[in-house]
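K.L.:
Sequence:
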Amino acid sequence: MSYRLGVDVGGTFTDLLLFDEQSGAFWRHKTPSTPHDSSEGILIGVQAICANAGITPADVEIFLHGTTVATNAVLEGKGARVGLIVTEGYRQVMQIARSFVPGGLAGWIVWPKPTPLAALEDTVEIKGRMSAQGSEIRPTDDADIRAALEKLKGQGIEALTVSLMNAYLNGAHEKRVAELAAEILPDVPISLSHIVLPEMQEYERTLTTVANAAVRPVVGRYVRNLRSRLRDAGMAGKLALLRSDGGLMSSEKSEEHPVSLLMSGPAGGVTGAIWVGKNAGIKNILTLDVGGTSTDVALIENLEARRVRTTEVGHLSVRASALDVKTVGAGGGSIAYVPELTGALRVGPQSAGAVPGPVAYGKGGELPTVTDANVVLGYLPEALLGGTFKLDREGAKKAVQTIADALGIDLYAAARGIIDIVNENMFGALRMISVQQGYDPRDFALMGFGGAGPLHVNAVARLMGSWPAISPVSPGVLCALGDATTRMRTETARSFSRLASQTTLEELGGILDEMAAQIGDELVAEGVAKDDVTITFEVDVRYAGQAFEVPMSVTRDDLHTHGIEWLTGRFDEEHHRLFTFNMDSEHEIVNLRAVAMGKALDLPAAKLAEGNGDPSAAKLRDHELWMDGAMVPAIIYDRSKLLAGDVIPGPAIVIEMDSTTLIEADCTGTVDSVGNILITLKTGN
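Under the UniProt record's numbering, the first residue of the sequence shown is numbered 1, with each subsequent residue one higher.
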């Protein structure tokens, strides 16, 4: 038997999903997160889920993990103190930054720049210089390097970054600094720019390498601690972490390259949604991952998630591949309030989080939240998690009444107002990844997951015109499912910077082959069988003179068969789709990337028993909820008793261990062959 265990640590809960690769059977578990040391919550969950499945941790072959450790270190400013070594004359590279000011025309006359991750006093210059072609103009001086390293050692740096001019073409000088640093600063992790990001544009290269260095000690401590605790619990299998781009990396690699983990958390949900879509026969999906604090949205076209070349966390924007996920501060714990100045209802981004949580949780929360509004309206029944979790409806009513009083309206109208606003916030984020990128949301289904996604997915699908609204099996632990079903991935990049008209297919192909060999070997070193490695390429193209390039996915065969004109023609098509115009300028090939992936797991979804379309056997009780301005009768169903083909007329509520699905009055939910609930408008609406 071979088991895979996916673990996703969120702000409120740690979700676990154990998968039996042979039978497709899975077990799921939720346990409260332990923010002071997340490995504690993980271990409690591991012991519990293994006991449920009747196995021991030793039976788990692969432990897969999505983590927000790197993200939180950046957001909370808790990264390590980074020392930075640069080429003579470039000491202010981090302070000057990119001269791009956010906001419209003259919208931000004064823009306070975010504090750089490497302070000016911790930045030192050294002699030596490479040319723009990668040949040595001036050599380095060992005595000079030693003096720089001794200075940084005296200042107590915790991580070191070396980013020298044109090192992406020739990393010899950076390697020499690393050799001497290993001797002078033996316990300090070193990040070299030509390894972390071998691309031109010295600011982006430096920033990404500094960000990597800043989170290395934090991530390294976390990974080592987790690994040793799992080993002590008897788990001898492989430990892999989810990258921002939806692939996996070994825990050892993640210690060296943690900048690839900055969007690890949300990536799990997107990879899980792709797995669900594949089994449900739905190719185009918008995802709505609603947690306690925030909502993450992404776009999946043809079962491929959109990727971007930059990862953005707070004010930090680094060059590392990531799934194109947008986040808004709208979740179950988002707090509703009425500012005295405007007298208009606002929801979030402040959140009640895990502690004290919404008032309805009875853990000492006092401020009204989205969850409380859902409880008041009857969308969240009082008994959850199979009756083990009781909600305080009276407390929630009292809290939401404060909003009703401030607005001078009745309790239910105030609660519905809170829900409408939070749905609009989610709608706004979804428009950013669909309409603003040239996609029509009516061509996509909307999948809601995370603890609160299925409560909101019906209403948000109506705003988007995206049908069906999907509530997947186990929506609360879908991120852990994504962690469990994804595959190993690594990539490398090279700057090319040549006009397409001056590039030969042989030259381009030669470089791509060289890169493919390098990263194929990397995956083999991480334990992937050579025959299981597949390699794809990305080529960044732009019109000469433009500042923004568009990444194009290509295979070696495509290029070989169709040539460079085919590539530039495809770029013209994509440019027109994104920006509605093309230019007469020449095409420039800017960067090349090779991506190596391990074998895709063909994990089946367990089929549900066929029903006769009547869900009454799953009925728990009659219920009342507030919809369209009045209290209306509804039915509560137990999801575990629903059968394939069951048709649930709205208004209805479907409850399960880790989530609650709301089907609105003019909609119908149909259970598909693998257990997803597909919600559509009733015919005639």
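Hints listed in this document are in silico derivations from the structure and should not be mistaken for laboratory results. Keep in mind that this is a model prediction, so the values were computed, not measured. Just to be clear, a hint being listed does not mean it is correct.
[What the hints assert, rightly or not] For lysine-lysine, the following DSSO-like pairs were computed, each having C-alpha atoms within a straight-line distance of at most 27 Å:
| hint | residue 1 | residue 2 |
| --- | --- | --- |
| 1 | LYS390 | LYS530 |
| 2 | LYS607 | LYS641 |
| 3 | LYS283 | LYS619 |
| 4 | LYS530 | LYS607 |
| 5 | LYS530 | LYS599 |
| 6 | LYS390 | LYS641 |
[As the list claims (entries may be wrong)] Distance ranges between label pairs, derived from CB positions:
| hint | residue 1 | residue 2 | range |
| --- | --- | --- | --- |
| 7 | GLU121 | GLY408 | 50 to 58 Å |
| 8 | GLY54 | TYR203 | 52 to 60 Å |
| 9 | LYS113 | HIS576 | 31 to 39 Å |
| 10 | ASP142 | ALA51 | 52 to 60 Å |
| 11 | PRO633 | PRO349 | 18 to 26 Å |
| 12 | LYS390 | ALA51 | 22 to 30 Å |
| 13 | LYS641 | SER228 | 41 to 49 Å |
| 14 | ASP141 | ALA525 | 47 to 55 Å |
Where is the CB? At the ideal position from N, CA and C, for every residue including glycine.
K.L.:
Confirm or reject each hint.
P.N.:
Right, here's what the structure says about each hint:
Using a Cα cut-off of 27 Å, the hinted pair LYS390 and LYS530 is violated, with the two alpha carbons roughly 52 Å apart. Of the pairs offered as hints, the one joining LYS607 and LYS641 holds, with about 14 Å between alpha carbons and a cut-off of 27 Å not exceeded. Distance hint between LYS283 and LYS619 is unfulfilled; the C-alpha atoms sit about 32 Å from each other, more than 27 Å. Straight-line distance between C-alpha atoms of LYS530 and LYS607 comes to about 33 Å, which puts the hinted pair past the 27 Å bound.
Among the hinted pairs, LYS530 with LYS599 is consistent with the structure: their alpha-carbon atoms are about 10 Å apart, no more than 27 Å. For the hint pairing LYS390 with LYS641, the CA-to-CA distance comes to about 22 Å; that is within 27 Å, so the pair holds. Taken as a hint, the range 50 to 58 Å holds for the pair GLU121 and GLY408, whose Cβ atoms sit roughly 56 Å apart. Between GLY54 and TYR203 the Cβ separation comes to about 55 Å, which falls inside the hinted range of 52 to 60 Å.
Distance hint for LYS113 and HIS576: a CB-CB separation of about 35 Å, consistent with the stated range 31 to 39 Å. Separated by about 58 Å at the C-beta atoms, ASP142 and ALA51 satisfy the suggested range of 52 to 60 Å. For PRO633 paired with PRO349, a C-beta distance near 36 Å fails the hint of 18 to 26 Å. Between LYS390 and ALA51 the beta carbon distance is about 25 Å. The supplied range of 22 to 30 Å therefore holds.
Distance hint check for LYS641 and SER228: the Cβ-Cβ separation is about 43 Å, which falls inside the suggested range of 41 to 49 Å. For ASP141 and ALA525, the Cβ-Cβ distance of about 35 Å falls outside the hinted range of 47 to 55 Å, so the restraint is violated.
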